[in-house]
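Each chain, written out:
Protein chains: 2
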Amino acid sequence: MRIALDAMGGDFAPDSIVQGAILASHDLPEDAEIVLIGQEDVVRECLQKHGATSSRISIVPASQVIQMGEHPTKALTQKPDSSISKGYQLLKLKQIDAFCSAGNTGAMLVGAMFSVKAVEGVFRPASAGFVPKLDGGTGIFLDVGANAECKPEVLDQFGKLGSIYAQYVLGISNPKVGLMNLGEEEGKGTVTLQAAHQLLKNNPSLNFIGNIEGRDLFNDKADVIICDGFIGNVILKLSESIYDILLSKNIVDPYFDKFNYEAVGGSPILGINGNAIIGHGVSSPTATCNMLHLAYKMAKSGITEQIQKEFST
Amino acid sequence: MRIALDAMGGDFAPDSIVQGAILASHDLPEDAEIVLIGQEDVVRECLQKHGATSSRISIVPASQVIQMGEHPTKALTQKPDSSISKGYQLLKLKQIDAFCSAGNTGAMLVGAMFSVKAVEGVFRPASAGFVPKLDGGTGIFLDVGANAECKPEVLDQFGKLGSIYAQYVLGISNPKVGLMNLGEEEGKGTVTLQAAHQLLKNNPSLNFIGNIEGRDLFNDKADVIICDGFIGNVILKLSESIYDILLSKNIVDPYFDKFNYEAVGGSPILGINGNAIIGHGVSSPTATCNMLHLAYKMAKSGITEQIQKEFST
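Chains A and B supply the protein sequences, listed in that same order.
Under this note's numbering, the first sequence has 97 at position 97, and the numbering climbs by one with no breaks.
Under this note's numbering, the second sequence has 79 at position 79, and the numbering climbs by one with no breaks.
To be clear, the hints were calculated from the coordinates, so they are not data collected in a lab.
Incorrect hints may appear among the rest.
If several chains are the same, the list does not tell them apart, and a pair holds so long as it fits within one copy or across any two.
Claimed, not checked - With a Cα cut of at most 25 Å, we get these calculated DMTMM-like pairs of lysine to aspartate or glutamate: (1) K133 x D257; (2) K237 x E186; (3) K201 x D27; (4) K258 x D244.
Being a predicted model, the structure only gives us computed values, none of them experimental.
All chains, please: the whole structure from these sequences, using the hints.
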């Protein structure tokens, strides 16, 4: 199992990223290898600096770096030997089983569409976020930013993508799917949401439980929460800020600890032909380590193959 | 100053509502009178039951009741002597200075448009929510549910409505206006938000500071946060649920106490020819009391007259 990591991506790359890889090299399951993609000298020096000795970490050279603020499409075209381009090339060739980057989010999304491409039948791949449930479980919500606006049929597919993830990665059987809305009644919300509600309701492959509201994000009403990338992004960042506020007030609680972005590691892109994860720009060593664990779990579960299978029928 | 309250509206009406009126009768400023609108016998009995003696509370009879689940337009047409219809009639005739109800939200919004109507020049009145700021102040965000979808020019006007409220009721001079988006850069978000950004940027009457993100809701970047009613509603309910979760875990903190819906009292409808506030369906006596205080503050500030003035020029 080869998990690749963009050593050059993130506000604190390569230091934090390489440190995260070293952390993960100590506790990832035995069959996992970590592939660091980046400028060879820089990465090697960084590994030495942090005392890496593990034979589980290897380097794939990539001479170019896509910066955080660059225009995604332009950067990918102009930098074919960047760590992000290289990662997706390897993913496409199946030389790696997963690719993670805390770098330029846009380039990660566009890169996926250019290289491994969307799974046949998937209208729009989605980036997913996770929500700690009060009952101790984990919920998934999607999209969290890849698609600011979504048509009803796209939202309907998010239900399926999220359900497959919930089943195969989170281990939830018959996951409950809820549509984020401003009221529980069927006729609530925008025209798009009303149409999405009907599609979801009549989708035989889903356990659709209806609309949910902002107050239901953390309770056990739904395991899979469907929303457009705009609302998902606001929810994600708002939840992260709650954790920061609690921390600043020295309020420590095991439940709210799960709001820490570091605990999750990153956002999987679902509905593409490969396992890819986008990490937080500020990714710390701990966050990076957890991103690698998440990638391992995804690759091991066969989630991508399952999505390919379920969308082909 | 006559503040009217729908005695029949809310999940726990008339009991909680009447108790809230009694609470407020003890601590509202001297020039405030409370007008309870509802079925006279029921309200009188309820006042007696709770030992009301204040001469500051009077009753205006309304024989009908609009239930929480009723269709707003139909209910208002079929029940002209309902407490909500009556409240707006009195508001229109300027026999009261403010009208509050924890009843049917849709009927409160439609009722406003039927009776006192939108201020000339205002495209869409907005319902507003409040956010406790980490620096100790209060921010206002709008819309929180009256308009699920908003055109750019409507979002631009929300900036003005919110700024006037921030100045005249919250006492913030030159309030900073932020547009809720999924990134700080000007070109981020949906086509609607990109257009709204340009309108706001070029609006000379506003102190527009640009896009803000979900993580900025509670910090001091913006005093006025513009969003459509869909996202505002999700944010409002999500924030309320955070308070409930903290409470369930016995985590008490003065900052998070402000997340309690009871502390705020309700959502003002801004941009109509009168002061109207929609309370939470579950309004307790404390929430009802605080809704009356909020109504008093709004009426005293002359916010409606200020909105009329600023939109007429």
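Against the structure, the hints come out as follows:
1. K133 x D257: both (12 Å within a copy, 22 Å between copies)
2. K237 x E186: Between copies only: 18 Å across, 28 Å inside.
3. K201 x D27: neither (43 Å within a copy, 50 Å between copies)
4. K258 x D244: both (12 Å within a copy, 17 Å between copies)
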